[in-house]
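Student: So the chains spell out like this:
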Amino acid sequence: MKNPKQEQMEKTLVCNQSRRRFLQGLLATGALASMPIGLLQPLLAEAREVFSDAEYQTFRNACPRNCYDTCSIKTYVKDGVAHFVEGAPESTFTDGGLCVKGNSYVRQLYSPDRIKYPMKQIGRGSGNWKRISWDEALETISAKILEIKAKDDNLLGLGLTKYSGNFGITHYGVEGMMSSLGYTTRFVGTPCWPAGIDAQNYDTGSMWCNDPEDMVHSKYIIVWGANPAHCSVHSMKYIFAAQERGAKVVVIDPLLTQTAAKADLYLQVAAGEDGALALGMARHLVDKKLVDREFVTKYALGYAEFEAYLKKNITVDWAAKKSGIPAKEIRKLAEEFAKADPATIWIGYGMQRHVNGGASVRSIDALVAMTGNIGKTGGGARYGHLMTWGFNYHAMIHDKPAGSKGWLGKSGPMGEFHGASGEQQAEYSDRTVNINKIAQDLLDTDDPPVRMLWIACKNVLGQDFDTHKIKRAFDKLELIVAVDLFFNQTVEQADIVLPTVTPLEDWTVNVSYWHYWLSINEQAVKPLYESKSDIEIAADLSKKLNAKQPGSCTFPQKINSKQWMEKEFNQGIYDLFGISSWEQLRKGPVKAKMKPASFPDRKFLTPSTKYEFRSDLAAGNGHAALPEYKEGRKPYAPLRLLTPHSKFSIHSQFQNLDWMHDFNPEPFVYLHPKTAKSRGIAEGQLVRVFNKTGELKLKAKLTDNVPSDALMMYENWFGQKNRFNVNMLVDDESSDMGAFKTGSPGVAIHDQFADIAKA
Amino acid sequence: MKETECQRLLEALRDFFFAQNAIQLANTYAVLEEAVSFDLPIVDDWEMVEFAFNRLFIGPKAPIAVPFASVYLDSEPQVMGKSTLITRRIFEMLGVQSPWQDSLPDDHLSLELDACIRLSAIRQASDSSETEELWSYFLHEHLAKWLPLWIDQVRTAEQVPAAIRSVIDILGDWLAGEVRDLKSADMAIGL
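Residue numbers (the numbering used here), protein chains in the order written: chain X, 37 to 795; chain B, 2 to 192.
Think of the hints as simulated: they come from the structure by calculation, not from any bench. Be a bit skeptical, because a hint or two may be false.
Said to hold, decoys possible - Coverage of chain X stretches by chain B, computed from C-beta distances (three or more under 8 Å per stretch; other residues unrestricted):
#, segment
1, 42-48
2, 67-73
3, 553-565
4, 641-650
Here the structure is a predicted model, which means the values were calculated and not measured. All C-beta atoms in this analysis are idealised placements derived from N, C-alpha and C, irrespective of residue type, glycine included.
Could you build the full structure based on these sequences and the hints that come with them?
Tutor: Below is the structure:
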């Protein structure tokens with residue numbers, strides 16, 4: 037029990053007037069006249085406001101993670117401390133609510149586990165770290181850059197791998213930093229969605245999904261290879277609303293997901309056979325004369341050839357055999373889909389992570405097109421879009437230092453956002469290598485080799501493929517610099533780690549590749565410890581380099597993050613969103629003034645300006661001109677290994693936080709009871725999952741949500757207390773498409789195979 | 002312990018736990034050795050102590066024993082928590098603030114030890130009962146609640162150099178002594 041004096045002190049501590057009186061009393065006694073000099077400093081006059089009864093200040097933030105939902109956030113700050121966040125009510129998409137990850141932003145900001153200072157490791161992987169100043173870190177880095185330049189007469193020995201850890205627009209300043217140094221080696225492409233991007237570009241000349249909010253108008257929704265209940269929770273309300281209005285919701289997925297559990301019909305398709313199912317449905321529509329003749333004749337190219345292909349090569353029975361879906365179900369599904377108006381298909385990124393993923397997306401696109409559902413509110417082949425991403429990319433665009441030499445040729449780096457910057461062709465270019473084959477590329481690239489690797493917004497060893505090979509490839513590197521929030525598998529292998537900021541400590545601006553909203557991200561609190569944003573790091577590096585060798589870096593040496601955020605806006609963005617200044621975003625996010633349907637006038641961005649069932653561009657790039665069936669990867673082990681996303685993480689972010697550990701403390705491998713029984717495996721038993729790439733030991737969970745010919749485990753990083761890494765078992769086999777629009781093919785993440793046994 | 006000796010001890014502890022590298026660790030360790038009346042373990046390789054110090058308190062891997070009070074006192078471990086703001090308010094009552102306010106949590110061990118030095122000096126210069134009550138509160142309700150948990154984290158950690166164990170022991174002894182003294186004083190006045 038507390039004594040009365042302690043209780044009184046607690047009252048004093050929370051009462052501004054009482055604390056002030058206490059201090060005034062001390063001043064009156066003269067007790068503060070000759071205090072020892074220490075770390076604490078006399079209270080500054082201007083800091084006396086700490087005695088005021090401050091109300092919460094609110095700041096506008098946005099979740100910048102690689103997620104459909106890109107939530108608009110309101111952050112509540114008092115005493116310079118962020119107390120809680122909530123979803124911004126102004127966005128009808130975020131609708132005042134955040135997901136389990138978004139709600140944990142304060143936990144991330146104030147996690148005691150954050151990387152706090154620049155540090156260098158004495159012996160890669162040794163765990164022996166020294167705290168160093170920013171000056172020392174940048175001294176070492178800049179010296180290495182200049183050494184590489186002197187040795188090779190170019191900077192191709194400096195590599196950058198960066199992806200989606202933070203999609204805030206100013207974070208493209210990392211690429212800008214590289215450009216400002218000279219021609220470097222870039223790991224280009226995306227492990228996420230490239231096969232589907234190419235497929236949609238062949239079909240429509242773009243990638244442009246309807247506004248997800250218009251799904252409420254759909255009469256028939258097929259969610260195909262996506263699990264929004266985990267990965268886009270804010271979209272679920274539109275699916276539910278449509279359902280309540282009478283729409284039928286069908287989920288097609290190899291796994292009985294949480295979304296499937298909410299559907300009217302769940303079809304467990306054989307993994308990688310989505311194309312066969314779509315083509316079987318298409319054939320049935322032809323047989324039943326349920327094709328929208330107006331669309332395929334007036335707005336499309338090559339439909340007759342596609343129909344001829346279907347008649348010659350595809351039957352419903354064949355599709356049933358391939359996909360595992362009974363012929364009767366395929367016919368019923370096709371007829372219901374064609375007769376509903378409007379009907380839509382949400383094409384998930386999971387279903388294109390196959391060696392035939394791009395071909396499958398083209399087949400599903402064709403299904404939507406031949407039923408006349410493209411260009412309609414409530415319709416559409418929904419995959420993603422970049423229609424709201426027309427920023428200046430001010431942080432990304434910088435001139436090379438005079439006299440820079442690079443890769444002979446003009447290929448230059450690519451990515452999803454290639455072309456956004458309007459970059460000029462040059463005599464030299466950066467050397468581009470496949471982001472999805474980082475290990476092999478590092479091992480194979482010579483003349484000059486990649487000597488130094490800069491890693492930002494990415495946990496290479498957690499998320500890239502074939503962990504063992506990456507570690508071998510890292511041995512070839514002379515210096516690895518990782519910029520990160522937390523100590524992960526990549527930082528563990530770095531020579532220098534630089535602490536970066538969380539979204540609540542930074543200025544930037546965010547849009548989504550799914551919905552149509554625009555959000556500002558204000559600096560709600562000061563950066564903790566010695567963390568810096570990517571563009572601040574670039575500016576400091578530029579200052580250091582120019583001090584050592586004037587003209588060696590063109591990145592500005594002093595920047596203001598807020599001003600740089602402002603520089604990303606342009607009149608096009610203002611017009612699209614109906615605002616006259618970014619300041620208006622301080623009142624809340626705004627939505628693009630776009631029609632809810634993509635391609636509303638059915639004019640496409642293809643060479644023919646029509647929907648292209650026959651794409652000569654695809655043929656020119658080595659693919660079938662038509663949406664044809666493409667065989668999947670031949671199994672190399674008895675069971676398929678599926679590694680989807682968990683609701684507790686976005687790749688290797690969030691799961692390491694304490695809140696997530698409370699609900700999801702350890703990884704499991706999920707398998708069908710029949711599969712378990714045949715191997716004598718019991719619930720909760722420690723097992724080995726193994727294949728040609730590697731082996732993992734973890735506990736088994738038995739569930740018939742997973743087909744009997746597959747294993748499933750989520751692709752989280754669980755933090756430092758668990759060595760689980762799903763990419764010990766995932767190789768870097770390419771998907772069929774992706775190189776056309778993103779520079780590299782994707783990865784066949786779900787065309788992996790393994791076996792399981794008791795440990 | 003005389004007041005000046007106590008101040009020297011606290012200053013040495015404060016600076017040790019605020020050290021940024023092996024040289025600073027070695028220097029503050031030497032000062033600490035002067036402040037106590039016994040020999041501390043001899044250190045052959047301060048770089049190894051630095052590595053261990055960083056594993057325990059700094060990072061980049063999640064530190065075994067982060068030196069922030071709120072991580073141990075608040076219902077959910079985080080920095081800049083409720084206890085951090087209580088510490089900030091205690092600093093304000095003493096007419097001071099952290100120069101790293103908002104970038105370093107106010108309840109870092111070294112800042113709190115600095116506040117102890119200041120409070121000690123104030124108590125010497127003034128016989129205000131309110132000051133005694135503040136000290137009593139800070140000691141009983143704050144320091145004595147989190148420091149033993151933190152010390153225990155260090156003591157149970159693996160591969161902790163003898164030098165760091167000794168410094169931790171000195172800190173623990175100081176805390177125990179202060180708690181004992183204050184309890185005696187409280188009993189004397191009937192609390």
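Student: Can you confirm whether chain B covers the segment 553-565 of chain X, using C-beta to C-beta distances below 8 Å and requiring at least three such residues?
Tutor: Answer holds; 5 residues pass the 8 Å Cβ test.
Student: Counting residues of the segment 67-73 of chain X whose CB is closer than 8 Å to a CB in chain B, do you get three or more?
Tutor: Since 6 is at least three, the answer is holds.
Student: Using a Cβ cutoff of 8 Å, are there at least 3 residues of the segment 641-650 of chain X near chain B, or does the coverage claim fail?
Tutor: violated (count 0)
Student: If you look at each residue in the segment 42-48 of chain X, do at least three have a Cβ nearer than 8 Å to any Cβ of chain B?
Tutor: holds (count 5)
Hint violations for this structure: number 4 only, all remaining hints satisfied.
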